[in-house]
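Could you build the full structure based on these sequences and the hints that come with them?
The residues making up each chain are set out below.
There are 2 protein chains.
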Amino acid sequence: MSEFQLHPQLAADTLPVASLPLCDVLLMNDANYPWLILVPRVADASELLDLNEGDRTRLWREIDIASQALREQFAPDKLNIAALGNMVSQLHVHVVARFKGDAAWPKPVWGAQPARPYPAEESVERLSRLRDALERFVSAG
Amino acid sequence: MSEFQLHPQLAADTLPVASLPLCDVLLMNDANYPWLILVPRVADASELLDLNEGDRTRLWREIDIASQALREQFAPDKLNIAALGNMVSQLHVHVVARFKGDAAWPKPVWGAQPARPYPAEESVERLSRLRDALERFVSAG
Numbered sequence: 254m255s256e257f258q259l260h261p262q263l264a265a266d267t268l269p270v271a272s273l274p275l276c277d278v279l280l281m282n283d284a285n286y287p288w289l290i291l292v293p294r295v296a297d298a299s300e301l302l303d304l305n306e307g308d309r310t311r312l313w314r315e316i317d318i319a320s321q322a323l324r325e326q327f328a329p330d331k332l333n334i335a336a337l338g339n340m341v342s343q344l345h346v347h348v349v350a351r352f353k354g355d356a357a358w359p360k361p362v363w364g365a366q367p368a369r370p371y372p373a374e375e376s377v378e379r380l381s382r383l384r385d386a387l388e389r390f391v392s393a394g
Numbered sequence: 254m255s256e257f258q259l260h261p262q263l264a265a266d267t268l269p270v271a272s273l274p275l276c277d278v279l280l281m282n283d284a285n286y287p288w289l290i291l292v293p294r295v296a297d298a299s300e301l302l303d304l305n306e307g308d309r310t311r312l313w314r315e316i317d318i319a320s321q322a323l324r325e326q327f328a329p330d331k332l333n334i335a336a337l338g339n340m341v342s343q344l345h346v347h348v349v350a351r352f353k354g355d356a357a358w359p360k361p362v363w364g365a366q367p368a369r370p371y372p373a374e375e376s377v378e379r380l381s382r383l384r385d386a387l388e389r390f391v392s393a394g
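Chains as they are written, first to last, in my numbering: chain A, 254 to 394; chain B, 254 to 394.
Think of the hints as simulated: they come from the structure by calculation, not from any bench. Quick caveat: nothing in here was measured; it's all calculated off a predicted structure. All C-beta atoms in this analysis are idealised placements derived from N, C-alpha and C, irrespective of residue type, glycine included. Mixed in with the good hints, there may be bad ones.
Pulled from the structure, derived: some chain A residues nowhere near chain B, Cβ distances all over 10 Å [said to hold, decoys possible]:
| id | residue |
| --- | --- |
| 1 | ALA264 |
| 2 | GLY364 |
| 3 | GLU378 |
One-sided and incomplete, this derived list gives chain B residues near chain A with beta-carbon spacing under 7 Å [claimed, not checked]:
| id | residue |
| --- | --- |
| 4 | LEU302 |
| 5 | SER320 |
| 6 | LYS331 |
| 7 | ASN333 |
| 8 | TRP363 |
Here it is, written out as structure tokens:
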């Protein structure tokens, strides 16, 4: 079994937020939506079913934590949670805060709009808020 | 709290497959993809976070069961799993068997192609295969 390495496409499209017990949490570099991506640090995993039961439980727990952080920080109208992986097969889960009237609403976000990279200052502020919120929900768990 | 009732849009778009401990399992009436929808029988739930912890655990387990059934019956190239709910807010989870070269590949299925309803005989055969497979994976769990 090879060692876990973040897929270069995911690394290129995102900013690193935090490291949870199982997953790296990344912020999609797209200011259209508050959009987190969770990547379990497990080599060669592509489907949820590729994780052992303990890791699957940890993943669901971390999806809950990411959802709680987005909900607290952005009060979205809807959360969208998805494991697709048709383009990048490395297992990763999208957790996206959606708003009525956002750039893709009510469609799914994938491929709907060109990414709008964060201005540097805005990304610093957003990453810091998200780190604080994730840490609090991890501690509360 | 009101009583659970399947959303009329979900009822209209699907064929009933099975009733698991938490969820109704529905087959999207779209022969473009083997596409299951899991609907927890919990009134007024819209987000995963609206479920209590026991029900959330049951839901993840039933997503695994649906995934195993699709994988066994169709040997897809990829599973797509998603809780979106931008159009129909009643909590429901898509579990879709995807193939390189299917009608939407590699894009997500939502809105990609008009639904292609199953011919009656094909739906009978597909529902029966899916029921058998779900039952086996429930028993094995």
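Hints, verified against the model:
At roughly 20 Å, the least C-beta separation between ALA264(A) and chain B is larger than 10 Å, which holds for a residue marked as non-interface. Distance to chain B contradicts GLY364(A) as a non-interface residue, since its nearest Cβ pair spans about 6 Å, not more than 10 Å. At roughly 25 Å from the closest C-beta of chain B, the C-beta of GLU378(A) stays outside 10 Å, upholding its exclusion from the interface. Taken as an interface hint, LEU302(B) checks out: its beta carbon lies about 6 Å from the nearest beta carbon of chain A, inside 7 Å.
At about 6 Å, the closest approach between the beta carbon of SER320(B) and any beta carbon in chain A falls short of 7 Å, and the interface hint on this residue holds. For the restraint placing LYS331(B) at the interface with chain A, the shortest Cβ-Cβ distance is roughly 6 Å, inside the 7 Å limit, so the hint holds. Against a cut-off of 7 Å between C-beta atoms, the interface hint on ASN333(B) holds, since the closest Cβ of chain A lies about 5 Å away. Contact between TRP363(B) and chain A, as hinted, is supported at the beta carbon level, the nearest pair being about 5 Å apart and thus within 7 Å.
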